[in-house]
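Dock chain one against chain two, each of which comes alone in its own frame, and use the hints as you go.
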Amino acid sequence: MAFISRGFKGKRRDPAASSRLPPGQYLVDGFPVLSAGPTPRADLAKWTFSIEGEVDEPRRWTWEEFRRLPSEKVTVDIHCVTKWSKLDTSWTGVSLDTLLEGVETAADYAVVFSDGGYTTNLPLEDLAGGKSWIAFEYDGRPLDPEHGGPARLLVPHLYFWKSAKWVRGITLQLEDQPGFWESNGYHLYGDPWREQRYWGD
Amino acid sequence: MKLDGNAIAGLLREIFTVEMTLAESTCAGCGAVHPVGRVDVYMNAPGVVVRCPSCEQVLMRIVHGKGRYWLDLAGVRRLEFADS
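Chains as they are written, first to last, in our numbering: chain A, 1 to 201; chain B, 1001 to 1084.
Rather than coming from a laboratory, the hints here were simulated on the basis of the structure.
Ideal Cβ placement from N, Cα and C applies to all residues, glycine included.
You may find that some hints are simply not true.
Beta-carbon label-pair distances, calculated as ranges [to be verified]:
# : chain 1 : residue 1 : chain 2 : residue 2 : range
1 : A       : A17       : B       : D1083     : 49 to 59 Å
2 : A       : A45       : B       : Y1069     : 40 to 50 Å
3 : A       : Y26       : B       : K1066     : 13 to 23 Å
4 : B       : R1013     : A       : K83       : 22 to 32 Å
Non-contacting residues of chain B with respect to chain A, defined by C-beta distances greater than 12 Å in every case (computed) [what the hints assert, rightly or not]:
# : residue
5 : A1023
6 : R1068
7 : R1077
Okay, chain B solo, but in the shape it has when bound (with noise of 0.2 Å):
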């Protein structure tokens, strides 16, 4: 099942400690930007799949277990993103 970036919002402010869903990210693979509120996402499965939504790359990896995150953002060449 597809959802948007904005299932993800409260995971990513646990992370990042800032709202993140206006964030921009850049895809590796095909350069495309969108918002974090925007990108694809898969929950139903063993961690939290991030793809974008122009090419279908994996974006982020998030796994949460142990009282540890495992974040791979491999597939995003840059977030920006306002301070707060």
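Looking at chain A on its own, in the form it has when it is part of the complex (with noise of 0.2 Å):
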């Protein structure tokens, strides 16, 4: 015989939190790895963060040079296509305009690079203007080599796809160039508010 509690009304959801769903996710507690092929482990001595293509000059980071330039602690909600969504995750990152400082171009899109050959595509304006950072610490932590460390792009306005794991760089370019998954069925953009998921969304 079934034992029921009258108190119980299964899990406490925040009342607050069905707003910050966008439509079509459902929230998670815990923190999915999704991976397109092996983890990579990098060599922080070897390990560089580049700003190429057009652009007056490349930009080049060593690990440490990085590491030394300001950080800044964030709290944003996450939303991946596969329709999980996760709130509040904590991170440390330099900004993208603080990488993106001083840098003269003409370009109006990016596409973000890593180790292991993703790709993604993004406009320009969508990486500046305090919207994304390049992460390095999650919860207070390293972050992990299946989370995309040492370092990974955090740009969590968009569908978490376009925030590629183990990031080494950006090509600045006049056009928008599709990534890995744009250029087979996603969205060339992936707004999760708009429901951006695939081709023609």
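This is the structure:
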């Protein structure tokens, strides 16, 4: 015989949480690991982050130089196109505004590239203006390789496939060039609030 | 998490309408030939990513959504399989 407690209402939900959930998404407490290939193990002595392409002169930081840049702690909601969302995730990272400071470019678009060959594209204006970071800590600890460590892009206002793991740099471009998923069915922009999952959404 | 090609036996049968795990795939990158049942498969992703077990290059990307398939076979130089 089943015992039913009157007080039991299932998992308690923050009433404010539902307004933070884009259409078609559900909340998770854990942090699912998604991966399109083997997890690269970066050698920090050889790691660099580059800004190249349509720039006056390419920029490059070693890991030590990168870690000396001013960083920020941010708490953001993230939304994966496979329909899970996770609220209030805390990261430490370097704002793309810091990295793009003083870069002269005519480019309107960026292709983000990673160890392992992954790429993703987005408009340059979505990287600037306090909207994205190169994150190297999650929950106050160095970012696990399975979550993209040593560093990943964090661009939480777009579906999380845009937040490229194992990031190594950005190519600035005059035209939008579809990345790994965007060239095979996934939306060129990927706004979770407009549910831009696939081509034609 | 890495699986082998048997993990996508059903998906490929749906697309090609014949059993594909015994098909021989030739990698466009390194030229290695592997039966589809033995390739490396990553499914915890926005789509299915199939990689060459010899060189890890992407062989296929399969996205299924909105009632459509998007199938990128750029990394496969050849698929050889028996007719039914």
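Status of the hints after comparison with the structure:
no.	hint	in the structure
1	A:A17 - B:D1083: 49 to 59 Å	54 Å, holds
2	A:A45 - B:Y1069: 40 to 50 Å	43 Å, holds
3	A:Y26 - B:K1066: 13 to 23 Å	19 Å, holds
4	B:R1013 - A:K83: 22 to 32 Å	25 Å, holds
5	A1023	21 Å, holds
6	R1068	7 Å, violated
7	R1077	18 Å, holds
In summary, the one numbered hint that this structure violates is 6.
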